[in-house]
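Visitor: Start from the sequences, fold in the hints, and give me the full structure.
There are 4 protein chains.
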Amino acid sequence: MNRSSEQSPESGLRARLHTLIFEADTPAGKAFDVALLCAIVLSVLAVMLESVAEVRTRFGPVLHLAEWVFTLLFAVEYVLRLVAVRRPLDYARSFFGIVDLMALLPSFLSVLLPGAQTLLVVRVLRLLRVFRILKLGHLLGQAEVLLTALRASRPKIIVFLGTVLTIDVIMGAVMYMVEGEENGFDNIPRSMYWAIVTMTTVGFGDITPKTVYGQLIASVLMIMGYGIIAVPTGIVSVELAAATRQRPDTQACPGCGAQGHDLDARFCKRCGTALDWAHP
Amino acid sequence: MNRSSEQSPESGLRARLHTLIFEADTPAGKAFDVALLCAIVLSVLAVMLESVAEVRTRFGPVLHLAEWVFTLLFAVEYVLRLVAVRRPLDYARSFFGIVDLMALLPSFLSVLLPGAQTLLVVRVLRLLRVFRILKLGHLLGQAEVLLTALRASRPKIIVFLGTVLTIDVIMGAVMYMVEGEENGFDNIPRSMYWAIVTMTTVGFGDITPKTVYGQLIASVLMIMGYGIIAVPTGIVSVELAAATRQRPDTQACPGCGAQGHDLDARFCKRCGTALDWAHP
Amino acid sequence: MNRSSEQSPESGLRARLHTLIFEADTPAGKAFDVALLCAIVLSVLAVMLESVAEVRTRFGPVLHLAEWVFTLLFAVEYVLRLVAVRRPLDYARSFFGIVDLMALLPSFLSVLLPGAQTLLVVRVLRLLRVFRILKLGHLLGQAEVLLTALRASRPKIIVFLGTVLTIDVIMGAVMYMVEGEENGFDNIPRSMYWAIVTMTTVGFGDITPKTVYGQLIASVLMIMGYGIIAVPTGIVSVELAAATRQRPDTQACPGCGAQGHDLDARFCKRCGTALDWAHP
Amino acid sequence: MNRSSEQSPESGLRARLHTLIFEADTPAGKAFDVALLCAIVLSVLAVMLESVAEVRTRFGPVLHLAEWVFTLLFAVEYVLRLVAVRRPLDYARSFFGIVDLMALLPSFLSVLLPGAQTLLVVRVLRLLRVFRILKLGHLLGQAEVLLTALRASRPKIIVFLGTVLTIDVIMGAVMYMVEGEENGFDNIPRSMYWAIVTMTTVGFGDITPKTVYGQLIASVLMIMGYGIIAVPTGIVSVELAAATRQRPDTQACPGCGAQGHDLDARFCKRCGTALDWAHP
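Chains as they are written, first to last, in this note's numbering: chain S, 1 to 280; chain F, 1 to 280; chain C, 1 to 280; chain H, 1 to 280.
For the record, the hints were derived by calculation from the structure and aren't laboratory data. All residues carry an ideal CB built from backbone N, CA and C; glycine is no exception. Don't take each hint at face value.
To be verified - Keeping only pairs whose Cα atoms sit at most 20 Å apart, straight-line, the calculated EDC-like set for lysine to aspartate or glutamate is:
1. S:K210 - H:D206
2. S:K210 - C:D186
3. C:K210 - C:E181
4. S:K210 - H:D186
5. H:K210 - H:D186
6. C:K210 - C:D186
7. H:K210 - C:D206
8. S:K210 - H:E182
9. S:K30 - S:E54
10. S:K210 - H:E181
11. C:K210 - F:D186
12. F:K210 - S:E182
13. C:K210 - S:E181
14. F:K210 - S:D206
15. C:K210 - F:E54
16. H:K210 - C:E182
17. C:K210 - F:E182
To be verified - Take a look, some chain S residues computed to stay more than 12 Å from chain H by CB distance:
18. T26
19. P27
20. A53
21. L65
22. W68
23. L72
24. V79
25. V85
26. R87
27. D90
28. A92
29. G97
30. Y226
31. I228
Unchecked claim - Facing chain H, from chain S, some residues (calculated, C-beta under 10 Å):
32. T148
33. R190
34. T200
35. D206
Guide: Pasting the structure below:
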């Protein structure tokens, strides 16, 4: 609401374009977002289907046409977005601006550079548009809570990842020595791949220890990995609990403006002012 | 208790049928439920055993007979249920009414359409009757707490699933390009299947990365999946803790109206008034 | 302590035997327990080593002798235990009494019935003696907290297991129909084994879906299993937090004797008496 | 800060060396740590690359030179560290002192004993230097919280590991008898390896049950392992929540001495005294 009142003194057309394309509050804006969402999903499905050999043989030209139709639609949308905002460069340099542009480039690139393999590499980025689903509805608030919890967990998770990688390097080297090249542990990087496969409890089974000592070390690594799963789970649980407990940021103390009070707080923990919304 | 007093002015037979079939409070009702439960489990076991080639060869006719006996029993039960309730259509359209009907249809369908394969597809639904076990005893309250926690977690879990699927699509496409068809990553849908197998730490090993870059990307995906396990666990833990901690909202302090008291609290934690419902 | 004061008016020898064998508080009792522990571990190791073909060929007679030495030692210990308690039948019928007896029987049985295979089946039970390690030291208190939490989680875990088994049966039947016998899903029980392997994220890869629809259903099952891991973890976390938060049972309210107060409680939640031990 | 003021009356050179090498607070000290970190990572990468057959063939001599350059650099660093501290023996006997020395030995050992295999075994220990990354920046505090939580969980985790190992031994023996040597369960230790692979949900698939009873027992073991994951996660969550919630015990309220305030509390939650250390 604050944003729309800021932008009200703009030129009428741009304001309406902005409301239509960037906001999901009005019926027209919502319809645009849903239509865009469908177009993105369909274009992603087209890319997926084109990778299936049987489908490519039968529907290749149709899928190729669909790809160009979606590319043109998204190009028009990209230009409209640039027009709709007051500072087009700011949008172009934002995360979604870059993603929007990158979702267009591979199709045009494929004309200049007909290397199919290269084209496919970049086309994948178009899939990132799916993230825009999050713009719809009330899910944003929940995504916010998740992100707050993950951001608060970051330092602990860095320490945790460092420990995991260290164990991985050491275990990879140990298994390379114990099992050796004759059992599939060809070199330390490959052993490290095995150690990650094992420690994360994925366990593909493409490389497995054959010797008694190798199986013993693998057993220790597995139980360690099993226990280590507990750590990030504990971290995220604790931070999520903290993020959930706090009120939304819009509910600030009337006395000092402090936010983030507990849900059952009756007095501001900063200045002691009674919180008038508190009637649990 | 409220429900039985509502239904007391009904006709005597229907009321007794209702008590027998729909309620598990009286000895007769309990016996009926246990007998029904056994019949359902036995009928499911018969379907299972019939799928085993050796058993089918030896006991085929017996199992076929058992199937029809169970079908007739359940048909009689279905009719009695329709008779026992005041508004039969309401029951027929309820979740368990539909399941009860669907548990009967495949057997009758198999007469008209002798395609064994088609029959089996629908027969599976009979297994849903196992859910009725939950009707027995004090477990319903616990199921309620679990459901409350899961319902409260739903928006967060939708955001989480969206993120997982997005990562899955991107990783599937990246691995399709990096590994290619010669290493089993035949097309993007198949690569996405692999990405889910890997990210969920299942790791069948039917498709595995062979190239160095593929193994590197797989390692990143595995550690991500490992960390991502933490998120739904954290979500459910927090919501379960909230659902467990609180009494239903209908039980407010008679003095100050405060809710959310501990399950064994005898005095209001806000104002000290004795909580009259407390008899731990 | 209460128990030893109860047993003080016993005959001197039996009391000393009881202290030596059943209690770990005196130095002699502790030494006995440690020695017994070593003997159990060694006897289990002997059983393990005898199963290894190379070891059996070389050290077979030595291991056979060791087995009989341990059997005689444990037999003497069993008789002493019967002598040391006032009501031998109560001990013989208790859990550890039965385990102690079963740890002896297989060796004697192997004389009468020289079927090696049968013998091995029962010998395994001797390993249960390892549980007695828990008797040592301060770990019992922690085991108590874990057991309290698990016992409190039981109803929720039964509901959870019921749901998992239902999903397993339905998914097993669906995959049996979708994939069929040509892809390794020979019958419903085998498909259910696959569904459990998949849902628990173990993923052996001995049976894997080959068709597109099978892989799609498997993907859904994997993501479900992934999310379902969250539920028991949440349950145990919440109950463990509750079990940890409560004071040991020895600290009762001086006013009404109520136990299980929160760690930071200053007044009894039952009767309001000030808790004199509260000085956090 | 306290430590640097203690060490201020030292000789100037040693003090400056100490600040440079052991502390990361000054720009020079930080630069030294970052340079050391890069050197360690590069030397570890060199060891890794040398294990890859193709790289060894082409860049063998270069990597060999690099190994010696790093060894000499680390040797100089080790001597400087001994000089920089007041009690060199204390440093030499500390954990990082021993790791620093062990990171040097393998290179020198390889001259005396040209057995490449032996050399590699010890070289791995050099990787432990990666742990020193934790010395940098504000991550130490988070590592502290993690360690506090893990230390508090230790007795519960020992009980838990004991239970897991007992189940493992029994399940290994049972599967050895049920499946037998013809299905890959060659002996009890190998069956125990399989039981750990299964219970930790790793599931390599190198050994899998083939008989119906084996698959039934494996299913039970998998669901048990699935549920057992919940226990360490719950333990760590609860302890992490406790470790995160509380300030270090040294920070008590100046008014009433109460400890364990929230990290952003400005007033004592017991007596309302302003907490003078609070500057969030």
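Visitor: Give a verdict on every hint.
Guide: Evaluated hints:
1. S:K210 - H:D206: Status holds; Cα separation ~9 Å.
2. S:K210 - C:D186: Distance ~30 Å between K210 (chain S) and D186 (chain C) Cα, so the pair is violated.
3. C:K210 - C:E181: holds, 11 Å
4. S:K210 - H:D186: This hinted pair holds, its Cα atoms lying about 13 Å apart.
5. H:K210 - H:D186: holds, 14 Å
6. C:K210 - C:D186: holds, 14 Å
7. H:K210 - C:D206: Distance ~9 Å between K210 (chain H) and D206 (chain C) Cα, so the pair holds.
8. S:K210 - H:E182: Since the Cα atoms of K210 (chain S) and E182 (chain H) sit roughly 17 Å apart, the hinted pair holds (cutoff 20 Å).
9. S:K30 - S:E54: violated, 37 Å
10. S:K210 - H:E181: holds, 16 Å
11. C:K210 - F:D186: Given that 20 Å is the threshold and the Cα spacing comes to 13 Å, the pair holds.
12. F:K210 - S:E182: holds, 17 Å
13. C:K210 - S:E181: violated, 32 Å
14. F:K210 - S:D206: holds, 9 Å
15. C:K210 - F:E54: Violated: K210 (chain C) and E54 (chain F) sit about 24 Å apart, past 20 Å.
16. H:K210 - C:E182: holds, 17 Å
17. C:K210 - F:E182: Cα-Cα ~17 Å, so holds.
18. T26: holds, 39 Å
19. P27: holds, 43 Å
20. A53: holds, 28 Å
21. L65: Given a closest Cβ separation of 44 Å, the condition holds.
22. W68: holds, 43 Å
23. L72: The assertion about L72 (chain S) holds, with a minimum of 47 Å to chain H.
24. V79: Holds, since 45 Å exceeds 12 Å.
25. V85: Its Cβ never comes within 12 Å of chain H, the nearest being 36 Å, so this holds.
26. R87: About 35 Å separates R87 (chain S) from the closest Cβ of chain H, which puts it past 12 Å; holds.
27. D90: Fine: 32 Å to the nearest Cβ keeps D90 (chain S) off the interface.
28. A92: holds, 34 Å
29. G97: holds, 32 Å
30. Y226: Check fails; 4 Å does not lie beyond 12 Å.
31. I228: violated, 9 Å
32. T148: Where the cut-off is 10 Å and the nearest Cβ of chain H is about 15 Å from T148 (chain S), the hint is violated.
33. R190: Holds, because the Cβ-Cβ distance from R190 (chain S) to chain H comes to roughly 8 Å (cut-off 10 Å).
34. T200: Given a least distance of 9 Å, the restraint on T200 (chain S) holds.
35. D206: Because about 9 Å separates D206 (chain S) from the closest Cβ in chain H, which is inside the 10 Å limit, the hint holds.
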